[in-house]
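Chemist: Same order as they appear, the protein sequences are chains A and B.
Under the working numbering, the letters of the first sequence match residues 16 to 248, in that order.
Under the working numbering, the letters of the second sequence match residues 404 to 808, in that order.
To be clear, the hints were calculated from the coordinates, so they are not data collected in a lab.
Misleading hints may appear alongside valid ones.
Said to hold, decoys possible - Label pairs and their in silico Cβ distance ranges:
#1 Tyr771/B x Tyr30/A: 51 to 59 Å
#2 Arg423/B x Glu222/A: 40 to 48 Å
#3 Val707/B x Gln95/A: 46 to 54 Å
#4 Lys178/A x Ser411/B: 38 to 46 Å
#5 Pro94/A x Trp761/B: 55 to 63 Å
#6 Met706/B x Asp25/A: 39 to 47 Å
#7 Asp803/B x Ala87/A: 21 to 29 Å
#8 Glu146/A x Arg415/B: 36 to 44 Å
#9 Lys798/B x Arg134/A: 36 to 44 Å
#10 Ser411/B x Gly33/A: 43 to 51 Å
#11 Ala49/A x Thr710/B: 35 to 43 Å
#12 Arg134/A x Ala750/B: 28 to 36 Å
#13 Asn703/B x Glu220/A: 39 to 47 Å
For glycine and all other residues, C-beta sits at the position ideal for the given N, C-alpha and C.
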Amino acid sequence: MSAPLIDICDAWKVYHVGEVQVPAVRGVSLQVKAGEFVAITGPSGSGKSTFMHLLGCLDRLSSGTYQFEDQAVHQLSRPQLARLRNLRIGFVFQSFNLLSRTTIVDNVALPLIYQGVSRVQRRRRATEFLERVGLGDRLRHHTNQLSGGQQQRVAIARALVTKPAMLLADEPTGNLDTRTSVEIMTLFQQLNREEGITVIVVTHEPEIAAFAQRHVAFRDGLIILDEPRAHAA
Amino acid sequence: MNPVIVLSESFRSLGKNKVRTALSVLGIVIGIAAVITMVAVGEGARRQVEREIATLGDDWIMVSYWGVQRGGSRRQQGLPPKQTSDDADAILRECSAVRAASPVNRISMQVVSGFGNYQTSVIGARPAYFDIRRWNAADGRLFNADDMRMLNKVCCIGATVARELFGTMNPVGQQVRINRVSFDVIGLLEYKGVGSDGRDNDDTVLVPFTSLERYLAGSERSGTLMAAAKPEEDISYATQQIRDLLRQRHRIADDEDDDFRIFNRSLTMQANAEAARTFNTLLTTIASISLLVGGVGIMNIMMVSVTERTREIGLRMAIGADGFHILEQFLCEAIVLCGFGGLFGFAGGCLFSKVMSWKYGWDTVISYWMAILAVAFATAVGVFFGFYPAWRASKLDPIDALRFE
Numbered sequence: 016m017s018a019p020l021i022d023i024c025d026a027w028k029v030y031h032v033g034e035v036q037v038p039a040v041r042g043v044s045l046q047v048k049a050g051e052f053v054a055i056t057g058p059s060g061s062g063k064s065t066f067m068h069l070l071g072c073l074d075r076l077s078s079g080t081y082q083f084e085d086q087a088v089h090q091l092s093r094p095q096l097a098r099l100r101n102l103r104i105g106f107v108f109q110s111f112n113l114l115s116r117t118t119i120v121d122n123v124a125l126p127l128i129y130q131g132v133s134r135v136q137r138r139r140r141a142t143e144f145l146e147r148v149g150l151g152d153r154l155r156h157h158t159n160q161l162s163g164g165q166q167q168r169v170a171i172a173r174a175l176v177t178k179p180a181m182l183l184a185d186e187p188t189g190n191l192d193t194r195t196s197v198e199i200m201t202l203f204q205q206l207n208r209e210e211g212i213t214v215i216v217v218t219h220e221p222e223i224a225a226f227a228q229r230h231v232a233f234r235d236g237l238i239i240l241d242e243p244r245a246h247a248a
Numbered sequence: 404m405n406p407v408i409v410l411s412e413s414f415r416s417l418g419k420n421k422v423r424t425a426l427s428v429l430g431i432v433i434g435i436a437a438v439i440t441m442v443a444v445g446e447g448a449r450r451q452v453e454r455e456i457a458t459l460g461d462d463w464i465m466v467s468y469w470g471v472q473r474g475g476s477r478r479q480q481g482l483p484p485k486q487t488s489d490d491a492d493a494i495l496r497e498c499s500a501v502r503a504a505s506p507v508n509r510i511s512m513q514v515v516s517g518f519g520n521y522q523t524s525v526i527g528a529r530p531a532y533f534d535i536r537r538w539n540a541a542d543g544r545l546f547n548a549d550d551m552r553m554l555n556k557v558c559c560i561g562a563t564v565a566r567e568l569f570g571t572m573n574p575v576g577q578q579v580r581i582n583r584v585s586f587d588v589i590g591l592l593e594y595k596g597v598g599s600d601g602r603d604n605d606d607t608v609l610v611p612f613t614s615l616e617r618y619l620a621g622s623e624r625s626g627t628l629m630a631a632a633k634p635e636e637d638i639s640y641a642t643q644q645i646r647d648l649l650r651q652r653h654r655i656a657d658d659e660d661d662d663f664r665i666f667n668r669s670l671t672m673q674a675n676a677e678a679a680r681t682f683n684t685l686l687t688t689i690a691s692i693s694l695l696v697g698g699v700g701i702m703n704i705m706m707v708s709v710t711e712r713t714r715e716i717g718l719r720m721a722i723g724a725d726g727f728h729i730l731e732q733f734l735c736e737a738i739v740l741c742g743f744g745g746l747f748g749f750a751g752g753c754l755f756s757k758v759m760s761w762k763y764g765w766d767t768v769i770s771y772w773m774a775i776l777a778v779a780f781a782t783a784v785g786v787f788f789g790f791y792p793a794w795r796a797s798k799l800d801p802i803d804a805l806r807f808e
């Protein structure tokens, strides 16, 4: 097996709250191979979300090293990080973070603007990915005309449209009911199996974590458990 | 990023929230339109007063040598023969604030043409008189220094006299007899109408001062001189200079009264000019306040609308925009917004000014430098306060911007 997709070593993240230093992640090391489906769990305040932001290059390490593919992330500049996020990483957020008053096609096409893709191309690719998540018949709808599950599908299409190496989902089912949650998680599983996309899901619900092949548990800024899940549904 | 993409994205983004965009533009439009309108009205008023002064030629100074009573009797019954001429020369030579001076001899006489006769006032004066009264020839020419020197028997007649003596005929080239002396009519004076003193300005015949003295005046001596201040000088200052000089020339002791009287219309003129200036200052002040209020409005709406988009900025950064993309986009949006606001504001200001002209009959003058200033100010405020929150947001880590409440 070649080098892992993610190789993070002794990662620290310390927040400065006034005079006080609050460490959220305290020396975590983790390797993730391409094509894995990982669930990161832990109670709130355990540092799992912070850790995911570090993985997603949304936030910077206080110390430690982070190797993503062939890039030393901890050494990259802000514009380089932006480019890396744009090309290699797809995000799915708990609150969807779609642009209101905007059609779902334009929402999905948004990341492609920053690659300088022409408008026609952007629309074509956005349409293609919306069809993949089962929303091909609602291209002209605005985001506020969709249900929560549909909005999250739009967000997933947006995350996929740049053909990233990794999909990061932060509590993707936090705002959804159980049935829709299962649908969304099944979609992640499908993408993982059929496309080979690495998926990392942060959740505090064990039922959601159960969809993953590997389970990483956080507590107090440290990994307390890292085990495969053979019984993935 | 491709500038065309940035620009089209700006338009689409502004088009998404039409109410927000319209409100932002409205703030800019009102600020600019108010300034342009008010300055246009003020400037129009000022020009109107200036034009009235110029056309009336009412800014003269008149020195009258008679009628001064001293302890019940006139101290000086007769004037020295050339007193007004000499004084006029001296004034022109020594009073720095005076641009023109002329002795004046006004005598009421019968004037006869081939068609009729008419009693009018015949005025003998130097060519400078035309400058003092701001009077030009409507036809023919004015008499000049040569006519003065040669004692030519020429005259320029006012419109009223021309009508009485020649009807609708052109008087220029005709002859009139004044006190049985034949004079060539060389010029028809511009119509001036009734002056602010109630006198018909056009009811007069002007002849060279020397010719009048020689052929018509007989023993009637000139008892008046007229002068005018330089345009940049205050009339009252010129008046003071003339008074001081004449007192000195007439050898009047400090405790004695003047042996002449000086009239000018400067009080009326000054009052008018002062009123126009006050009006103008008032409007400019109001306009500045409107611009300031408009600026605060623009500032608020831009600050709020961009700040409330901090999450959008966070999202855009999360999915791959770097700080530069964000600044580019918001700067472009702010410029488009302010550009349209400025354009509509300018159009609105011109429109309001026209409406003012129609409705109230006021003259309005669009001051282009003021318009440019107003547009520049509003645009600068709009762009700065549209740009600043975006710049601040672009400096955040994407995750902080996303979490922004």
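Chemist: May I ask you to test the hint 36 to 44 Å on the CB atoms belonging to glutamate 146/A and arginine 415/B?
Modeler: For arginine 415/B against glutamate 146/A, whose Cβ atoms are near 23 Å apart, the range 36 to 44 Å is violated.
Chemist: Taking the Cβ atom of methionine 706/B and the Cβ atom of aspartate 25/A, is their distance within the range 39 to 47 Å?
Modeler: Holds: the Cβ-Cβ distance is about 42 Å, inside 39 to 47 Å.
Chemist: That 51 to 59 Å hint for tyrosine 771/B and tyrosine 30/A (C-beta), does it hold up?
Modeler: Since tyrosine 771/B and tyrosine 30/A have Cβ atoms about 56 Å apart, the given range 51 to 59 Å holds.
Chemist: Can you tell me whether the CB distance of lysine 798/B to arginine 134/A sits inside 36 to 44 Å?
Modeler: Given a distance of about 30 Å, which is not inside 36 to 44 Å, the answer is violated.
Chemist: Using the C-beta atoms of aspartate 803/B and alanine 87/A, is the stated range 21 to 29 Å upheld?
Modeler: holds, 23 Å
Chemist: May I ask you to test the hint 38 to 46 Å on the CB atoms belonging to lysine 178/A and serine 411/B?
Modeler: violated, 25 Å
Chemist: At the C-beta level, are asparagine 703/B and glutamate 220/A separated by a distance inside 39 to 47 Å?
Modeler: holds, 43 Å
Chemist: So does alanine 49/A sit 35 to 43 Å from threonine 710/B, Cβ to Cβ?
Modeler: Distance hint for alanine 49/A, threonine 710/B holds at roughly 40 Å.
Chemist: Is the gap between the beta carbons of arginine 134/A and alanine 750/B within 28 to 36 Å?
Modeler: holds, 32 Å
Chemist: Kindly confirm whether 43 to 51 Å is satisfied by the beta carbon distance between serine 411/B and glycine 33/A.
Modeler: holds, 45 Å
Chemist: Does the Cβ distance between proline 94/A and tryptophan 761/B fall inside 55 to 63 Å?
Modeler: Given about 57 Å between the Cβ atoms, the range holds.
Chemist: Within 40 to 48 Å or not, the Cβ separation of arginine 423/B and glutamate 222/A?
Modeler: With a Cβ separation near 42 Å, arginine 423/B and glutamate 222/A satisfy 40 to 48 Å, so the hint holds.
The earlier numbered hints that this structure contradicts are 3, 4, 8, 9.
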